[in-house]
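Read left to right, the sequence shown gives residues 1 to 347 (the UniProt record's numbering).
Read the hints as simulated data drawn from the structure, not as lab findings.
Treat the hints with care, as some may be off.
What the hints assert, rightly or not - The calculated lysine-lysine pairs, modelled on DSS-like cross-linking and capped at a C-alpha distance of 27 Å, are: (1) LYS224 / LYS271; (2) LYS271 / LYS176; (3) LYS271 / LYS58.
Said to hold, decoys possible - Pairwise CB distance ranges (calculated): (4) GLY82 / ALA197: 23 to 33 Å; (5) THR330 / SER272: 10 to 20 Å; (6) MET31 / GLN173: 46 to 56 Å; (7) SER272 / ARG222: 41 to 51 Å; (8) LEU336 / ALA197: 19 to 29 Å; (9) LEU276 / THR57: 20 to 30 Å; (10) ALA64 / PRO337: 25 to 35 Å; (11) PRO337 / LEU28: 18 to 28 Å; (12) SER227 / GLY82: 52 to 62 Å; (13) PHE72 / PRO337: 23 to 33 Å; (14) PHE72 / PRO110: 13 to 23 Å; (15) LEU336 / TYR297: 35 to 45 Å.
The beta carbon of each residue, even a glycine, is placed where N, CA and C say it ideally should be.
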Amino acid sequence: MSPLTQSIFMISLILGTTLTLSSTHWLLAWMGIEINTLAIIPLMIQNSQPRAIEAATKYFFAQAGASALLLFAAFLNSCLTGSWNIVQMHHPAASTLCILALAMKIGIAPLHSWVPEVMQALDLRTALILSTWQKLAPLYLMYQIPMDNSELILLLGLLSIAVGGLGGLNQVQILKIMAYSSIAHLGWMVIILSISAHLTLLALYTYLLISSSLFFSLMMMRTKHISSLSISWAKIPVLTMTLPLILLSMGGLPPLTGFTPKWLITMELMKSGLALMALFAILLSLLSLYFYLRIFYTTTLTTPPNNPPGSLPWRFFPQHITLLPTLAITATITLLPLTPAILTFMT
Numbered sequence: 001m002s003p004l005t006q007s008i009f010m011i012s013l014i015l016g017t018t019l020t021l022s023s024t025h026w027l028l029a030w031m032g033i034e035i036n037t038l039a040i041i042p043l044m045i046q047n048s049q050p051r052a053i054e055a056a057t058k059y060f061f062a063q064a065g066a067s068a069l070l071l072f073a074a075f076l077n078s079c080l081t082g083s084w085n086i087v088q089m090h091h092p093a094a095s096t097l098c099i100l101a102l103a104m105k106i107g108i109a110p111l112h113s114w115v116p117e118v119m120q121a122l123d124l125r126t127a128l129i130l131s132t133w134q135k136l137a138p139l140y141l142m143y144q145i146p147m148d149n150s151e152l153i154l155l156l157g158l159l160s161i162a163v164g165g166l167g168g169l170n171q172v173q174i175l176k177i178m179a180y181s182s183i184a185h186l187g188w189m190v191i192i193l194s195i196s197a198h199l200t201l202l203a204l205y206t207y208l209l210i211s212s213s214l215f216f217s218l219m220m221m222r223t224k225h226i227s228s229l230s231i232s233w234a235k236i237p238v239l240t241m242t243l244p245l246i247l248l249s250m251g252g253l254p255p256l257t258g259f260t261p262k263w264l265i266t267m268e269l270m271k272s273g274l275a276l277m278a279l280f281a282i283l284l285s286l287l288s289l290y291f292y293l294r295i296f297y298t299t300t301l302t303t304p305p306n307n308p309p310g311s312l313p314w315r316f317f318p319q320h321i322t323l324l325p326t327l328a329i330t331a332t333i334t335l336l337p338l339t340p341a342i343l344t345f346m347t
């Protein structure tokens, strides 16, 4: 695919998300999501591999079904309440259908089955877009609609944390692990949505930061399999040394940045009288931390940094701009002390 064609599709992605974020009418928001869907499919199949084409087909059918359900929910709400405004979806049936449609859009359990199968067949850059940018528009709509059905939101969130932790246990493909990690992190965002929406935004921003850092690192290492990480010391030793910290931050281990949203969400759940749900969420998140630790063991403990001195002929020299990955990795590791300032800014 030529750079000009790629630029056109990337601009379409930005246009679709911007249209949804600036809309108050359901039809305009739905059009923005559809532009997003149609723009990323050519990026998925740019390598013309059979697995990529199969993944793009699965993604299209899943998104088409969710879009049809979302449009039906908006039409039902307009018939019952006389309004197409996003923030005026107060009818229980329309609201429930809308939440389920948006859950399928972003891959929340139990409507998540397309996410791992699509992610594992993509290249790292397209997988980064699917894991981060494509979540913004549906999450914005879920953030805007009234949370009259809070029990459904809490159930979807807790179920997503469980599925994300259990699904990634025996995976060896890094992109499949990232897919289940995305499901688990979305569960943390959704579980607090009906209680404290600004914590959902904080969890989203933290996930975008950490996920981008991890994908940038994998792109510089040029790897998609756990076994190939064991020889990464000879390729990029400094990045290999920081990769475990990124993984532990994604797992929510203190004192790293990823601990911040889980800590605050747990406290808010306990303040709202949902201590048992907070306990289950913490215990289930330990499953996710386990497979991050497994990658950590593979990358740092199985192969010691016993490289001979001098410049190795097989060592990779960066072909990407390294300023943005460096800033993202630094923020991924060191932002926990700034939590009070971040909360003050967001509230």
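We went through each hint and held it up to the structure:
Proposed proximity of LYS224 and LYS271 is contradicted: the alpha carbons are some 41 Å apart, above 27 Å. In summary, the hint linking LYS271 to LYS176 is not supported, as the alpha carbons are separated by about 35 Å, beyond the 27 Å threshold. Straight-line distance between C-alpha atoms of LYS271 and LYS58 comes to about 41 Å, which puts the hinted pair past the 27 Å bound. A beta carbon spacing of about 26 Å between GLY82 and ALA197 agrees with the range 23 to 33 Å that was offered as a hint.
Separation of THR330 from SER272 is about 34 Å and departs from the stated range, judged on CB atoms against 10 to 20 Å. Here the CB-CB span from MET31 to GLN173 is close to 34 Å, at odds with the stated 46 to 56 Å. At roughly 45 Å, the beta-carbon separation of SER272 and ARG222 lies within the given 41 to 51 Å, and the hint holds. Range check, LEU336 to ALA197: about 22 Å between beta-carbon atoms, so the 19 to 29 Å window is met.
The supplied range of 20 to 30 Å is broken by LEU276 and THR57, whose beta-carbon atoms lie about 41 Å from each other. Taking the beta carbon of each, ALA64 and PRO337 are about 45 Å apart, not inside 25 to 35 Å as hinted. For PRO337 and LEU28, the hinted distance range of 18 to 28 Å is not satisfied, since their beta carbons lie about 41 Å from each other. Evaluation of the 52 to 62 Å hint for SER227 and GLY82 yields a pass: the beta carbon distance comes to about 59 Å.
A hinted range of 23 to 33 Å is violated for the C-beta pair PHE72 and PRO337, which are about 47 Å apart. At roughly 20 Å, the beta carbons of PHE72 and PRO110 sit within the given window of 13 to 23 Å. Taking 35 to 45 Å as the suggested C-beta distance range, the pair LEU336 and TYR297 does not conform, at roughly 24 Å.
Going through the hint list in order, the structure does not satisfy hints 1, 2, 3, 5, 6, 9, 10, 11, 13, 15.
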